[in-house]
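> Here are the chains, one letter per residue:
4 protein chains.
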Amino acid sequence: MLISCPDRAGIVSTVSQFLFDQGTNIVSSDQYTMDPEGGMFFMRVEFDLENLESRLASLQEDFTRVADRFDMRWSVYRASRRKRIAVFVSKEDHCLLELLWQWQSGDLDADITMVISNHEDSRAFVESIGLPFHYIPVTPDTKAEAERKQLELTEGKVDLIVLARYMQIVTPKFIERFPNRIINIHHSFLPAFVGAKPYNRAYDRGVKLIGATAHYVTEELDAGPIIEQDVQRVSHRDNVNELKRIGRHIERIVLARAVRWHVEDRLVVFRNKTVVFE
Amino acid sequence: MLISCPDRAGIVSTVSQFLFDQGTNIVSSDQYTMDPEGGMFFMRVEFDLENLESRLASLQEDFTRVADRFDMRWSVYRASRRKRIAVFVSKEDHCLLELLWQWQSGDLDADITMVISNHEDSRAFVESIGLPFHYIPVTPDTKAEAERKQLELTEGKVDLIVLARYMQIVTPKFIERFPNRIINIHHSFLPAFVGAKPYNRAYDRGVKLIGATAHYVTEELDAGPIIEQDVQRVSHRDNVNELKRIGRHIERIVLARAVRWHVEDRLVVFRNKTVVFE
Amino acid sequence: MLISCPDRAGIVSTVSQFLFDQGTNIVSSDQYTMDPEGGMFFMRVEFDLENLESRLASLQEDFTRVADRFDMRWSVYRASRRKRIAVFVSKEDHCLLELLWQWQSGDLDADITMVISNHEDSRAFVESIGLPFHYIPVTPDTKAEAERKQLELTEGKVDLIVLARYMQIVTPKFIERFPNRIINIHHSFLPAFVGAKPYNRAYDRGVKLIGATAHYVTEELDAGPIIEQDVQRVSHRDNVNELKRIGRHIERIVLARAVRWHVEDRLVVFRNKTVVFE
Amino acid sequence: MLISCPDRAGIVSTVSQFLFDQGTNIVSSDQYTMDPEGGMFFMRVEFDLENLESRLASLQEDFTRVADRFDMRWSVYRASRRKRIAVFVSKEDHCLLELLWQWQSGDLDADITMVISNHEDSRAFVESIGLPFHYIPVTPDTKAEAERKQLELTEGKVDLIVLARYMQIVTPKFIERFPNRIINIHHSFLPAFVGAKPYNRAYDRGVKLIGATAHYVTEELDAGPIIEQDVQRVSHRDNVNELKRIGRHIERIVLARAVRWHVEDRLVVFRNKTVVFE
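Protein chains in written order, with this note's numbering: chain A, 2 to 279; chain H, 2 to 279; chain Z, 2 to 279; chain B, 2 to 279.
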């Protein structure tokens, strides 16, 4: 259960009392208050409940009364209900492979249900492991039609879209169908090097560390809530190709971490930032 | 308030209800359950209470009933009551200087009240900033007498002893007066290179990272609960002196972090390990 | 060209003059002197030479005279001659997959020519990408015979053996056929946790960072020259399974880096340590 | 000796032959070629020469002939001739203290000869260790006069100016007197957050790592050649004050490293980037 609301006295005790009365066992509970005086309060509670399936509806209904009192935005996710993921990819496949690998090894507790690409490059591998691969080419002329097809495949059918080095810009119309449910990996340490060719620009600027950033996609390019970032040291000896090679390893690790947190319901977005309950 | 007890249903709700009934406002609350089935439960709650000084005694008395029901070990610390620290040092002063610097800059929310050393080297600087400096030389013959003097200066007068590169072994008798209240910095990534001359041994073994470890002191040498560790990359080009130079920077950062967590009551020790509520 | 010899005046100028006279163009040159006074000197020179194939033999013959004068151990490797690698694996396949992935993406400038395993688990994937997979089960009774088969497959046929989480101990007899040409990944930050079950022992000790170590295999278990190490932060919240999950990512990165350095001839071993010319 | 020139065959052999003929002993030599085809070549050679003082002039004269042939930019520095440093500081003193501490402990092989500040805050400490402290207040009206005083104190009297959180912009006129000899610490991971209040902007953007950058000062604000950068992980829990506290530790480490490399003549600037010979 994820909760956010204006901070007031009594939230923790009320919520935990409620859950206790419902017969749940709290496995873990984490909270964060943005500012003691009049700030926002965020809470994540993981709990066990026998016969969850049959009792969840009534628990949610009962909780509405609590939530109203505190002006809460809240949601309950069943850990047993694995999220479905569509991965979008272009030519570079390292992020896709990492996600597939973590999924197959059981590190990613979700289901990748399809791969959508504007290139045919990854088809063979994706199909070899039994996953549907949808080739939807994108040109300026066909962009609207391509997006219509993408929506048809994904809307109501997946819970999360991962842009795993998908080199097309998605439109506001598409984004609004998946609010805070599209994760992109940008190959720089944002907000440095927003936009195209970040490794070339990192090389030109002579930075001593390069990075990658996973973020939720919003209308403004590369400006959505940052979920995770990491960097690695480089030197004057590394040319652009070396930066790309080193960067690929950061990108896949950062993206996989962000996706894992999302599917484990560890992320809350507030004012274009993420709260990460690790 | 720090709590540890066997895990059972209802702990969080009971504690938070209790604190709410007492009129406190919970600023932050963090918990950790070692193992869902029959493990240990750890909780840290930070709360505000008006007229804390006058009401704390009755709050503690009332809480005893809650604690007994759940078989809790617990303690309440007043954030307003700054802990007093005695720093023990030998010749190398980088860890001492870091602590003094963080204390003077306000980063360390505690009071360093004295420095004790078996060498005179640091006297001038320590006294120049108005702190008492106690020179207590230690030789095999005078060790017992030295320790008696150290106890006389510290027992009941400080809350924490920090061995900031103090190159003498403290005896079990001394340790039992300050259970989990003596922090040592060891200049290796424990459990590698327990004991003397870790940098020389790291050099001989050809490791590619060197580290430092802050831990509570227990009877067994360098085997107490680890509080914090960090490492830094080295190469074949670094000789023993370079390792020492690089290591000094790791040591002071790691020790300062551990001391900060201790004085902010973020540490719980259980079975020779620490739970760190960051 | 890799050179090691006792340090003396004139080595660099003699070697570079020799290479210049032979008509080579030095692409990069790196050197390291262990100790200005009477220590060892190490040098790595990368050079271009037209018609290298036909002229290499005479260059090597001529260089013998230079080498004798300075008492050098030296070798020349052709970058165009890609090294052949046999990967040994047991059940856990993350390190194998990483190597295959880096090989396929062109990041690993060598040829993986076979996979040998004491389990059948990885056969399907290995064969699906067209690589020979050799299943050689190992029991106490069949160990000698298994090793005979391994040697038959590899001796003279591969340049490097990579133990990518191969959970059998290789015998001194096997090791001496591949001196400094067997790389193992150990799943701890050596010399901490030598031997079996390092993650369990890391958990019990309560370390705050876990690591992995790639090293050349020598007779003494986990005591060979360290090539590369890395670590990642963990917390009290991570149980043994979490440590293993986090550790897998460190292992594959560290091993892949070590293998890359080896196949690019960036490693010189001296007194159980490695010099890494990055 | 630091050398940069267009790459051609024979540079290394010619330089090392020259140094050998002069009777020097090369202690270490490092080179870097930007691009095998028609790029730039950079070289750093550390050598011993008996009676250096008396023979340096003739060595330099003789080397001119070599340098002309290869169109070299070059310089020779005597390691025995310690560089003199003026530290500029405003109110925040953590970077100043770190430099003074490393200087006193012998880690910084140079001489800090004066501290210049537009505030009186650091006077007591600076004078207590016997260093001259010059208070030069700066207002819009007195800026030109202040800079005149600063030049009078430093020009020809120090080899390096370190802006250790000096919160005034230095003018192009001042910069041209110290080309590539003014090092500034900027409290962000450049090129992110150029200009004022980087921690506030990092907080607003919700980054997951914060950093610091040491760079040579050029006319364009925060756009000079980057010498060193580092970052540290932060979380949503860290408010702006926490970011500042964490950032202070990164700033002082990064600045001290950059200053050390400069005084050890390990830095070459080319096209607004640094080559770092570590």
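What the hints contain is simulated information worked out from the structure, not anything from laboratory work. This one's a predicted model, so the numbers in the text were calculated from it and none came from an experiment. Hints should not be assumed to be uniformly reliable.
In this list, chains with the same sequence are indistinguishable; a pair is considered to hold if it fits within one copy or across any two.
Lysine-lysine pairs mimicking DSS-like chemistry, simulated, CA-CA at most 27 Å apart [said to hold, decoys possible]:
{"hint": "1", "residue 1": "LYS245", "residue 2": "LYS158"}
{"hint": "2", "residue 1": "LYS144", "residue 2": "LYS274"}
{"hint": "3", "residue 1": "LYS198", "residue 2": "LYS274"}
{"hint": "4", "residue 1": "LYS245", "residue 2": "LYS84"}
{"hint": "5", "residue 1": "LYS174", "residue 2": "LYS84"}
{"hint": "6", "residue 1": "LYS84", "residue 2": "LYS198"}
{"hint": "7", "residue 1": "LYS150", "residue 2": "LYS274"}
{"hint": "8", "residue 1": "LYS174", "residue 2": "LYS150"}
{"hint": "9", "residue 1": "LYS150", "residue 2": "LYS245"}
{"hint": "10", "residue 1": "LYS144", "residue 2": "LYS198"}
{"hint": "11", "residue 1": "LYS174", "residue 2": "LYS245"}
{"hint": "12", "residue 1": "LYS158", "residue 2": "LYS198"}
> All the hints need checking, so say for each whether the structure fits it.
Now for the hints, and whether the structure bears them out:
Proximity of LYS245 and LYS158 under a CA criterion of 27 Å is satisfied in neither setting, with 34 Å inside one chain copy and 33 Å between copies. For a Cα distance limit of 27 Å, the shortest separation of LYS144 from LYS274 qualifies neither inside one copy, at 30 Å, nor across copies, at 40 Å. Taking the shortest alpha-carbon separations for LYS198 and LYS274, both the intra-copy value of 25 Å and the inter-copy value of 19 Å come in at or below 27 Å. In this assembly of identical chains, LYS245 and LYS84 lie within 27 Å of each other by CA distance solely across copies; the values are 24 Å between and 31 Å within a copy.
Taking identical chains as interchangeable, the C-alpha atoms of LYS174 and LYS84 lie at most 27 Å apart only when both belong to the same chain, with a minimum of 23 Å there against 52 Å between chains. Taking the shortest alpha-carbon separations for LYS84 and LYS198, neither the intra-copy value of 32 Å nor the inter-copy value of 33 Å comes in at or below 27 Å. In this assembly of identical chains, the alpha carbons of LYS150 and LYS274 never lie at most 27 Å apart, being 31 Å within a copy and 47 Å across copies at closest. Within a single copy, LYS174 and LYS150 get their C-alpha atoms as close as 13 Å, which meets the 27 Å cut-off; across copies the closest is 61 Å, which misses it.
With identical chains, the CA atoms of LYS150 and LYS245 are never at most 27 Å apart, being 32 Å at best within one copy and 41 Å at best between copies. With identical chains, the CA atoms of LYS144 and LYS198 are at most 27 Å apart within one copy only, with a shortest distance of 22 Å there and 41 Å across copies. Taking identical chains as interchangeable, the C-alpha atoms of LYS174 and LYS245 are never at most 27 Å apart, the minima being 32 Å within one chain and 39 Å between chains. Proximity of LYS158 and LYS198 under a CA criterion of 27 Å is satisfied in neither setting, with 33 Å inside one chain copy and 42 Å between copies.
Comparing the model with each earlier hint shows violations of hints 1, 2, 6, 7, 9, 11, 12; every other hint is respected.
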